[in-house]
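**Q** Each chain, written out:
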Amino acid sequence: MVRGLGELESTIMDRMWSYRRPASVRDVLEDLRREREIAYTTVMTVMDKLHTKGLLTREAVGKAYIYRPVSSKEAYTADLMRESLARSGNQAATLVHFLERLTPEEADALEAALKVYPPRGRA
Amino acid sequence: MTVAAVLAAGLTIYAVVAVVALPRLLGRASWTGRAPRLGIMVWQAACVSVVVSVLSAVFVLAVPAPVVGHGLAELFAQCAEVLADGPGLTAATALAGVGVAGALMARLAWCAAAVLAGARAERRRHAEALALLGRHDGALDAIVVDFDERLAYCVPGRQGKAVITTAALRELSPDETAAVLAHERAHLRGRHHLVLAFGEAFARAFPGMPLFERGRAELARLVELLADDLAARRHPRVLIASALVRLATGRAPAFTLGAGGESALARVRRLLAPAPPLGRGERVTGALAVGLLLAGPAVTGLAPGLTSLLAHHCLDFLSF
Numbered sequence: 001m002v003r004g005l006g007e008l009e010s011t012i013m014d015r016m017w018s019y020r021r022p023a024s025v026r027d028v029l030e031d032l033r034r035e036r037e038i039a040y041t042t043v044m045t046v047m048d049k050l051h052t053k054g055l056l057t058r059e060a061v062g063k064a065y066i067y068r069p070v071s072s073k074e075a076y077t078a079d080l081m082r083e084s085l086a087r088s089g090n091q092a093a094t095l096v097h098f099l100e101r102l103t104p105e106e107a108d109a110l111e112a113a114l115k116v117y118p119p120r121g122r123a
Numbered sequence: 001m002t003v004a005a006v007l008a009a010g011l012t013i014y015a016v017v018a019v020v021a022l023p024r025l026l027g028r029a030s031w032t033g034r035a036p037r038l039g040i041m042v043w044q045a046a047c048v049s050v051v052v053s054v055l056s057a058v059f060v061l062a063v064p065a066p067v068v069g070h071g072l073a074e075l076f077a078q079c080a081e082v083l084a085d086g087p088g089l090t091a092a093t094a095l096a097g098v099g100v101a102g103a104l105m106a107r108l109a110w111c112a113a114a115v116l117a118g119a120r121a122e123r124r125r126h127a128e129a130l131a132l133l134g135r136h137d138g139a140l141d142a143i144v145v146d147f148d149e150r151l152a153y154c155v156p157g158r159q160g161k162a163v164i165t166t167a168a169l170r171e172l173s174p175d176e177t178a179a180v181l182a183h184e185r186a187h188l189r190g191r192h193h194l195v196l197a198f199g200e201a202f203a204r205a206f207p208g209m210p211l212f213e214r215g216r217a218e219l220a221r222l223v224e225l226l227a228d229d230l231a232a233r234r235h236p237r238v239l240i241a242s243a244l245v246r247l248a249t250g251r252a253p254a255f256t257l258g259a260g261g262e263s264a265l266a267r268v269r270r271l272l273a274p275a276p277p278l279g280r281g282e283r284v285t286g287a288l289a290v291g292l293l294l295a296g297p298a299v300t301g302l303a304p305g306l307t308s309l310l311a312h313h314c315l316d317f318l319s320f
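Residue numbers (UniProt numbering), protein chains in the order written: chain A, 1 to 123; chain B, 1 to 320.
No wet-lab data here; the hints were simulated from the structure.
All of these numbers come straight from a predicted model, not from anything done at the bench.
Check before you lean on any hint, since a few could be wrong.
Mimicking EDC-like on lysine to aspartate or glutamate, the simulated pairs with C-alpha atoms at most 16 Å apart in a straight line are [said to hold, decoys possible]:
(1) A/K73 to B/D137
(2) A/K53 to A/D108
(3) A/K63 to A/D27
(4) A/K49 to B/E128
(5) A/K53 to B/D148
(6) A/K63 to A/D48
(7) A/K73 to B/D148
(8) A/K73 to B/D141
Input sequences plus hints: build the corresponding full structure.
**A** Structural data, given as structure tokens:
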């Protein structure tokens with residue numbers, strides 16, 4: 001069931017990112033109901049959780065909340081990659097490879113080295 | 001007592017010399033690149049040997065040999081006596097020694113636990129975010145993330161995952177992608193994050209020590225070479241090399257790491273022109289070195305006690 005909730009979080013975040021405008025639980029519910037049976041309380045719980053996790057911000061409008069993603073999907077992705085890959089301290093967390101930045105001279109040297117051995121399947 | 005003092009001095013001198021000399025000796029050795037797995041074992045054994053030799057030195061000094069000879073019960077009795085009798089000269093030395101050993105072990109254990117726990121927390125957070133941002137590609141058996149930088153990496157752990165960005169997929173041919181992901185899966189399968197955690201724990205526990213600083217860097221380097229070699233069993237080396245070049249070029253400055261391009265360059269050259277693997281003789285020598293590093297200090301530390309133990313029981317046997 002935990003896995004199911006995780007999936008739902010992912011689905012709801014994708015919807016929220018795709019709207020590009022604030023949305024209420026009711027809006028998301030109606031959107032999701034076009035594809036599946038789902039209870040209002042389930043959507044509300046998940047969106048509340050996403051708010052707690054800091055992914056959605058919300059403001060009260062009348063009796064309900066209006067939700068909005070804290071940052072765009074692109075910005076969130078960039079943050080995640082930067083934070084986890086450029087962190088200096090703990091190498092054991094994510095093994096990062098192919099991440100060294102080459103100077104143009106080094107890149108040229110490597111390209112030259114590769115031309116001697118052209119990989120099969122590439123023109 | 002004199003024998004114990006000599007042994008303890010020897011073990012301490014070994015520890016001090018090893019901390020300074022071993023990183024120079026091992027760091028200059030080019031064979032580690034030809035046998036990364038053996039290289040990893042030698043570096044780890046070197047780190048362990050220094051700590052064990054300090055512990056052994058303390059043990060030799062603190063525990064009189066005849067006590068070991070009479071078995072564990074008496075060892076504890078002697079310890080209790082030492083603790084109860086209060087400050088005699090030997091008791092004080094013993095206590096100081098045991099204190100040093102305890103502090104050493106506690107620090108190492110604490111740092112290892114901190115490294116592992118920190119890594120796990122970071123991985124969990126990362127995996128959670130990946131669940132929102134990425135999608136699992138069944139054909140690649142990897143998580144694909146929409147991102148403009150060419151990246152490939154893995155998130156180790158019980159459900160380890162290889163991750164690749166859409167920019168990387170655009171840049172690489174299907175064969176190159178498969179080679180890169182084979183490299184990542186080699187890391188996951190070999191649980192290489194534990195090797196890195198090992199190096200990190202020692203370097204963090206005893207900062208400024210050349211052996212541990214160098215060891216951490218070398219372990220990180222050798223783990224990459226090992227994964228390259230494992231990937232090369234199923235994929236042409238030249239494809240791994242070309243994938244590496246394509247991923248390492250054209251990167252935004254925000255992603256600069258301290259390492260610079262040196263290791264990428266070295267890896268590509270190594271992939272394109274591999275040195276022959278070590279011969280049988282060299283491998284046996286390496287394995288013996290590992291054994292010596294691991295067992296040497298401990299055996300030296302236990303030698304007086306063991307001798308005494310043997311003597312004691314032989315006497316029993318003879319009088320019977």
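**Q** Out of the numbered hints, which ones does the structure contradict?
**A** Result: hints 1, 2, 5, 8 break, sorted rising.
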